[in-house]
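Participant: Once you've looked at the hints, dock chains W and A against the given chain F.
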Amino acid sequence: MTTNISKRIARCSALVLAGTFATSATVALAADDTITLGAAISMTGKYSTNGKNTLDGYQFAIERLNQMGGVKIGGKSYKLAIKYYDDESTSARGAQLVERLISQDGIKFVLGPYSSGLTKAIAPVTEKYKIPMVEGNGADRDLFVNGYRYLFAVLNTSDYYLREAVNLLAGQAKKEGKKPSDMRIAIAIENDNFSQDVRNGVLEDAKKYGMKVVVDDKLPPEINDMSATLTKVKALKPDMLVVSGHDKGATLAVRQTSDEKVRVPMLALTHCDSAQIAEKLGRSAEYAVCASQWDDDLSYKDKWFGTAKDYANGFEKEFHYAPPYQAAESSASVLVYADALQRAGSFDSEKVRDALAQTDLMTFYGPVKFDSTGKNVAKSMVLYQVQHGEYKVVAPSKWAQTTLVYPAPGWDPRK
Amino acid sequence: MSLRNPSSTSPLRAAPVADGATRIAIYVALVALSLAAPFLFQGIVTQLAFLWLMILFALTWDILGGQTGYNSFGNVLFFGLGCYAATVVQRDTHLPYFVALAAGMGLSALVALLAAGVLGPLILGMRGQYFAICTLGLSIAAADLFAGWEFVGAGSGIVPALYPGPVDERNRFFYYVLLALATITFVTFRLLYRTRFGAAINAIRDDEDKADAMGLHTTRYKVAAWMLAALFLGLAGGPVAGLVGFVDPRDLAFAGATFGVWMVLMAVLGGKGTLWGPVIGAAIFHATQEFFWTYLFGWQRVAMGILIVAIVVFFPLGIMGGLRARWPQWFGEVVDEAARPARADEGGVGDERVA
Amino acid sequence: MDNLQILVAAPVFNLQLLVDGVLIGSVFALAAYGMGLVWGVMRIINIAQGEFVMLGGYVALHAAGAGIPPLATIPIAAIVLYLLGWMLYRAVLFRLVDRDLFTSILATFGLSILLQQIANQVFGANVRSLDSGLGTLSFGDGQITVAEIKLVAFGAVLVLGAALVLFLKTSRLGQALRATAQNAAAARILGIDTDRVYAATFALNAGICGAAGALVAMTWIIHPYLGLTYTVRAFMIVVVAGLGNLPAIAASGAALGIAEQYAGFLLGTEFQTAFLFSLLVVILVARQLALHRQRLYLK
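Residue numbers (the numbering used here), protein chains in the order written: chain F, 13 to 427; chain W, 31 to 385; chain A, 156 to 454.
So that you can see chain F by itself, here it is in the shape it has in the complex (with noise of 0.2 Å):
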C-alpha cells in the first residue's frame, strides 16, 4: 500500500543523512602538522552573546600561539585548530555535539562551552571517553564534587563572585563603627544554575557575619521588569543588593533602579561588563560594584600576549569591542592546553590529562593551578566599582586600585 513508499522515502533520507555524517568527519586528531581542539559553542539562543565572546576568546590565542609557532611536541611544530558546533545554548545539543566532536570526528581536546548547565551536562561525556576538557565559563563549583578527573576549569567557581562583597560590606559596617550584623542584603537573581550559585556564595558568607537576607527573589529568564523586587527593597531599605543575571540581570538592575530612583548603598552585580553598563547606561550605572573573573588593569603578565591590557588591546583591535572576562578566561584555557602539551610532549590524552593536572602557569588572565577536582586555586576574583565611567578595582585588596565609594550617593546629586 501507500505506506511503504512513504516508508521507503523515510527509510532514504535516513540511510543518506547517516550517509552524510559518517562523511563530514573532516579532521584527524594530529594528521598533518594540526592539533584540534573540540569545543561546543553557543551560537544561538539565549547564551549567544557570550557565546561569541568564548568563542572569539579561543580564536583570538590560536592566532597568537600559531603566530608564535604553535606548540612544540618532539621537536616538531605543530599549529592549532578549533572546530566547534552550535550547541544552540541547550544540554542536550551541548552533549550531543561533544559526543559527535569526540566519536566522530576523533577530537582528543576538548575546550569548554559557556555556561555551567552546559559544562554539567557535558562533563559526563569527557569523562566517559577520557578526553581532557579545559574550561573557562562553567563556574558551578557543584561541577566539581563528582570526582571528574578529567575536567579542568580556569576560573574561579561561581560561588566566589560576590562573596567578596559581603566582605567588603563587613568592613565599611566596620568603618561606621556598625556591626557587620547589622547589614542587610537584598539578593535578586535569575533562575539558573550559575546565579543560584552566586546566592549561594552571598549566603554562605552573610551567615558568617551573621548579616540578615532581607528579600530573596529568583526572576524568570523570561522578566523584562524587576519592578516588583525594587518596591520591596524600597520598603526594606537594605544596604546592599544583589542582582545577579547574566546580561539582562545587570542592565535592568541599573535600569531600573535608576528609573525607580532606588537607593541602595552598594549595588553588587554579576556580568556588569559583557553587558556593558558603563558604556551603554551612562551616569545611571556610577557606583555598581562588579564581580569580575579578570580585569585589564591588574598587573599579570604572559609571554604569549604581554599584560592583560596587552590582551585587551590586541583582542578590541581585532575583534572591535574591549574582552569581557568570558573572553579572557577562553583564551586562557587555550593558553594551559598549549603548555599542557608541550609538557607532556605527546598527543596521548592519558599524558596531556597528566600534564594538565601539573600546571603551574601565569597568564594574563591569572595564575592558573589546578587542585585535585580540577579547581583553579591560584587565582581570585576581583570586585570593581564603576567611577567616572570607568571599572576600578576595588577588592581584594592586593590589587585594588583605588578605594570604594560607599555608600553610593543619591540620584539626584548623579543627574
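Hints should not be assumed to be uniformly reliable.
[Stated by the list, open to error] Chain A regions said to be covered by chain F (calculated; three or more residues, Cβ under 8 Å):
hint, segment
1, 166-179
2, 224-234
[Stated by the list, open to error] On the chain F side, residues computed to face chain W include the following (Cβ under 10 Å):
hint, residue
3, I134
4, V137
5, E139
6, Q208
7, D309
[What the hints assert, rightly or not] A short list of chain F residues far from chain W (calculated; beta carbon distances all over 12 Å):
hint, residue
8, D68
9, G81
10, A107
11, K132
12, Q354
I should point out that these hints are in silico values taken from the structure, not numbers from a laboratory.
If you're wondering where the values come from, they're calculated on a predicted model, not measured in any experiment.
Note that beta-carbon positions come from the ideal geometry of N, C-alpha and C, so glycine has one too.
Facilitator: Showing chains W and A alone in chain F's frame:
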C-alpha cells in the same frame, strides 16, 4: 469494512500498492534496520534515539489532535512530569541503576496519568483555540513552577544518576528503550484506532455535538485519549533524562517552545488523523532539523521557522493527507471516477485502512 | 508572609504596586488591541505579536542611534512596522485568512521563530536599552516613584485606544473593518474589498506593536527573545476582555499588570509568571464551566 476487492476488474476497484507478503517483508526489514541501527550508524546513535522520541511525541499528540480534534499545545507537560518523577526516584532512593530507572518510569507513568485524569475533565470541555492556549498556559506554568521549586533543584535542574557503563553503551541502551516505547505506542494506537474507541474519538472530531446527542460520553473518551497520550509521554521522560544527562526545567522537561510545538508540527507535516502520518512527519522533521543544524550553522532556527510556515501554509493536509487526496485508492477508498472532483479531501474522514 | 506584612505595615507601597501594575499593564494592552483586531477581523491568532513588539524596539534603537530624539522614535517604529505588517500580509498571511484558527496559530508560530532568529542573527542577543531622556517623578520622599516614560506609555494607550475607537466608528476603512469582522462574505457582496481590509488590519496591528516596542525599549530592555511574553499576555487580555471591546481590553491590561505585580511581590518573582498562567487556566476553566451551565440550561 474494507472496500478492497483485488480480484474485481471494475473501475471501482481500489488498488493497493503491495499485497500481504510484501508488506510483511517490509515490516521485517524495518524492524531489522531499527534494531541494527546503533551498530550500523555508530556516530549518530543519540540522534537516532531522538528520532524515536519524536515519533512518540507526534503519535501521542495525534491521538488527541488528529484523531479526536483537540489540538493540545501542552502535551509536553506530561513529558516533563515524567522526566522529573524518574530523576527524583533515582536521586532519592538508593536503588541500583536499572531498578531505579524502572521504578522511576513507573512513578512517571502514575504521575502523568494522574495529571491527565485530573486536568482532563476540567480542560477538555473547552473548544478549539481556548483549549489550545489553555494547554499552552499549563505547560508554561509547569515550567516556571518546577523552576521555582527547590526540591527539584529549581532553576538548576537535576542531574540524573550516571549510567553505569561507557557512553556508547548508554546511548545504545536508551536507543533501544525509546525504540521499544515508540513501537509500543504505535502498536497500541494501531490496535486502538480499529476498535470502537477509535470510532468514538473520530466521531467526536467530526461532530462533537452530534456524538454527544447520540449518547456518546464524549468527556470520558476525550479524557481517556489524553490519559493514554500522557502515559507514553510520561514513560519517555526517564530514558530521555538519562540520555541527556541533565534535566533542565525549561530546556528539556517542559520545553514548550521546542518539543511542545514540534509535537504538533510533526503530526501536521505527516498528516494528522492518520496512523503513519505522525511517524513520517516526525522522521522527516527530525532529519531535516539535524541536517539544518549541521549545515546551516547559526541559521538553522531561521530555516526551521521558514519550514514551519511553509508546512502549515502549503501542506495543511500533511504528506499523508496530500497523498491521500491525490491517490485515495491507495488508502482503500473506493473512488467513484465520475464524482472525483467533489472528493477534494477534507482530511481525516473516511476509512483509514492503512497497512 | 513577611511580604504581606510589609504591605499592611506601609500601605503606601500598595500604591506603588498599583501604579506600576497599571503602567506595565498598559503596554501589554497595546499589544492586546492589535491582537484583538486581527483575531476579530481576520480570524487569525497572531503568535508573532510579541516579535512585532521586539522589532519595533529595535527600530527605535536604531533610529535613536541615528540621532533621532527618543520620543520621536515611537511613531517611526509604528510606521516601519506598519509597512512590515503590510508586506508580511501580502507575502504569507493572506493565505491564512480562510483557514481555521489552529492553522493560523501554527503558521504565526513559525513566523515568530523566523523573526526572532533573524533578529538574533542580525542584532545579536545583547540586551539593549534606550534612554528616553525623561526623568522620574517622585512622591512621598521616594517611596513612590514613577518613571515619566511609563506615564507616556500609559498616555499612549489611552490616546491610541480612543483613536482606534474613533477610527472604527467613523472612518470608511474602519467601518469596512467592522463589517468584515461581522460577516466577511456579506461584506464582500456589498462591495468591500476584504483583501485590502485584511492587509490594513494586519498592518495596523503591526504598527501598534511597533509603537509598543519603542516604548518597551525606553522603559525596560529589548532583546530578540522577549516576544513570547508579550504574545501570551496580549492573548490573555483579549480572552478576558472579549474581542471587540477596546475599553475592556485597556482595563484588563491594567488588571493583569496589577495582578502580576502583587504576585511578584507576595509570592516571589519566580512564581510571577507561573501565577499568571495558572490564572489564565483558572479563567478559562471558569469560563468553560459558565458556558457549560448555559448549555445545560438550553438543552
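Participant: Does each hint fit the structure? Answer for all of them.
Facilitator: Here is how each hint holds up against the structure:
1. 166-179: holds (count 5)
2. 224-234: As far as the segment 224-234 of chain A goes, the hint is violated, because 0 residues have Cβ atoms under 8 Å from chain F.
3. I134: Given a least distance of 9 Å, the restraint on F:I134 holds.
4. V137: holds (6 Å)
5. E139: Since the shortest Cβ distance to chain W is 9 Å, the answer is holds.
6. Q208: Since chain W brings a Cβ to about 5 Å from F:Q208, closer than 10 Å, the hint holds.
7. D309: This hint is violated: F:D309 lies away from chain W, its Cβ roughly 33 Å from the closest one there, beyond 10 Å.
8. D68: holds (15 Å)
9. G81: Given that every Cβ of chain W is farther than 12 Å from that of F:G81, nearest at about 31 Å, it holds.
10. A107: violated (6 Å)
11. K132: violated (6 Å)
12. Q354: holds (29 Å)
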